[in-house]
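Undergrad: Residues per chain, in single letters:
There are 2 protein chains.
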Amino acid sequence: MKKFQAEIDVMPKKEILDPQGKAVTGSMKNLGLTEIQNVRIGKHISLEIEAADEETANIKVDTACKSLLANLIMESYTFSIKAV
Amino acid sequence: MKKFQAEIDVMPKKEILDPQGKAVTGSMKNLGLTEIQNVRIGKHISLEIEAADEETANIKVDTACKSLLANLIMESYTFSIKAV
Numbered sequence: 000m001k002k003f004q005a006e007i008d009v010m011p012k013k014e015i016l017d018p019q020g021k022a023v024t025g026s027m028k029n030l031g032l033t034e035i036q037n038v039r040i041g042k043h044i045s046l047e048i049e050a051a052d053e054e055t056a057n058i059k060v061d062t063a064c065k066s067l068l069a070n071l072i073m074e075s076y077t078f079s080i081k082a083v
Numbered sequence: 000m001k002k003f004q005a006e007i008d009v010m011p012k013k014e015i016l017d018p019q020g021k022a023v024t025g026s027m028k029n030l031g032l033t034e035i036q037n038v039r040i041g042k043h044i045s046l047e048i049e050a051a052d053e054e055t056a057n058i059k060v061d062t063a064c065k066s067l068l069a070n071l072i073m074e075s076y077t078f079s080i081k082a083v
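Those sequence lines, one after another, are chains G and W. Counting in numbering that gives the first Met the number 0, the first sequence runs from 0 upward without gaps. Counting in numbering that gives the first Met the number 0, the second sequence runs from 0 upward without gaps.
Mixed in with the good hints there might be a few duds.
[What the hints assert, rightly or not] Anything over 12 angstroms on all C-beta distances counts as not near chain W; from chain G, calculated:
1. Leu16
2. Pro18
3. Glu49
4. Leu71
5. Ile72
6. Met73
7. Lys81
8. Ala82
[Claimed, not checked] No more than 25 angstroms apart at the CA atoms, straight line, and that leaves these computed lysine-lysine pairs for DSS-like:
9. G/Lys21 to W/Lys65
10. G/Lys42 to W/Lys12
11. G/Lys65 to G/Lys1
12. W/Lys28 to W/Lys2
13. W/Lys42 to G/Lys13
14. G/Lys13 to W/Lys81
15. G/Lys12 to W/Lys81
16. W/Lys13 to G/Lys42
17. W/Lys13 to G/Lys28
18. G/Lys21 to W/Lys13
It is worth saying that the hints were derived from the structure and are not from the lab. Here a beta-carbon is modelled for each residue, glycine too, at the ideal position from N, C-alpha and C.
Construct the entire structure; sequences and hints are all you get.
TA: Printed below as a string of structure tokens:
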């Protein structure tokens, strides 16, 4: 069994309003960072996984995202895997 | 002025307990994904920034992280910037 490190980003879908991001965009202006726009805030998840090969690890992480980490109605996810 | 897209990860520091991640690690086992360990959960922030060049954009994003996006006592951050 090899060990892999997965880095997952779960973000609110583009069509979905992100009130937390909107609030932070506003705060940026108050801080004088007026060049910053369109802030969107999601989750970053890192995890370790043991699997026979990278493809199996990919499938497992995809299952974890679908069944637990992301709410597919409102969120989309991307991930990358590397051997450690 | 050029436009850049920044992708920021804000994660709890290694020395700091991450109860949310611990809970998710436990849930993975309940879902049958016993190979998944050491889940840690942080924030992923994407934003757009206008700047004269990449170096200026880097400095602005770093300022935003330090002053608003990350709590440096408990969290560390990494980011990448690319022109759009």
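Undergrad: At 12 angstroms, judged by beta carbons, does G/Ala82 keep clear of chain W as stated?
TA: Answer for G/Ala82: holds, closest chain W Cβ roughly 14 angstroms.
Undergrad: Do the alpha carbons of G/Lys65 and G/Lys1 lie within 25 angstroms of each other, as the hint requires?
TA: 23 angstroms, holds
Undergrad: Does the claim that G/Leu16 lies off the interface hold, with its Cβ farther than 12 angstroms from every Cβ of chain W?
TA: Consistent with the label, G/Leu16 stays out of reach of chain W, its closest Cβ about 15 angstroms off (over 12 angstroms).
Undergrad: Taking the minimum C-beta separation from G/Lys81 to chain W, is that value above 12 angstroms?
TA: Consistent with the label, G/Lys81 stays out of reach of chain W, its closest Cβ about 15 angstroms off (over 12 angstroms).
Undergrad: Given the hint that W/Lys42 pairs with G/Lys13, does the C-alpha gap stay at or below 25 angstroms?
TA: The given pair, whose Cα atoms are some 17 angstroms apart, holds under the 25 angstroms limit.
Undergrad: Is G/Lys21 close enough to W/Lys65, meaning Cα to Cα at most 25 angstroms?
TA: Roughly 19 angstroms separates the two Cα atoms, so the pair holds.
Undergrad: G/Lys21 and W/Lys13 were given as a pair; does the straight-line alpha-carbon distance stay at or below 25 angstroms?
TA: Between G/Lys21 and W/Lys13 the Cα gap is close to 29 angstroms, so the pair fails against 25 angstroms, i.e. violated.
Undergrad: Within 25 angstroms, alpha carbon to alpha carbon, are W/Lys13 and G/Lys28?
TA: Violated - the C-alpha atoms of G/Lys28 and W/Lys13 are around 32 angstroms apart, more than 25 angstroms.
Undergrad: Given the hint that G/Lys42 pairs with W/Lys12, test it: the Cα-Cα distance must not exceed 25 angstroms.
TA: 15 angstroms, holds
Undergrad: Beyond 12 angstroms on every Cβ pair: is that true for G/Glu49 relative to chain W?
TA: Since the minimum Cβ distance to chain W is about 5 angstroms, G/Glu49 lies within 12 angstroms and the statement is violated.
Undergrad: Taking C-beta pairs only, is G/Pro18 more than 12 angstroms away from all of chain W?
TA: Given a closest Cβ separation of 14 angstroms, the condition holds.
Undergrad: Please work out if W/Lys28 and W/Lys2 have their alpha carbons no farther apart than 25 angstroms.
TA: Not satisfied, since the Cα-Cα distance of roughly 43 angstroms exceeds 25 angstroms.
Checked against the numbered hints given earlier, the structure breaks hints 3, 12, 17 and 18 and satisfies all the rest.
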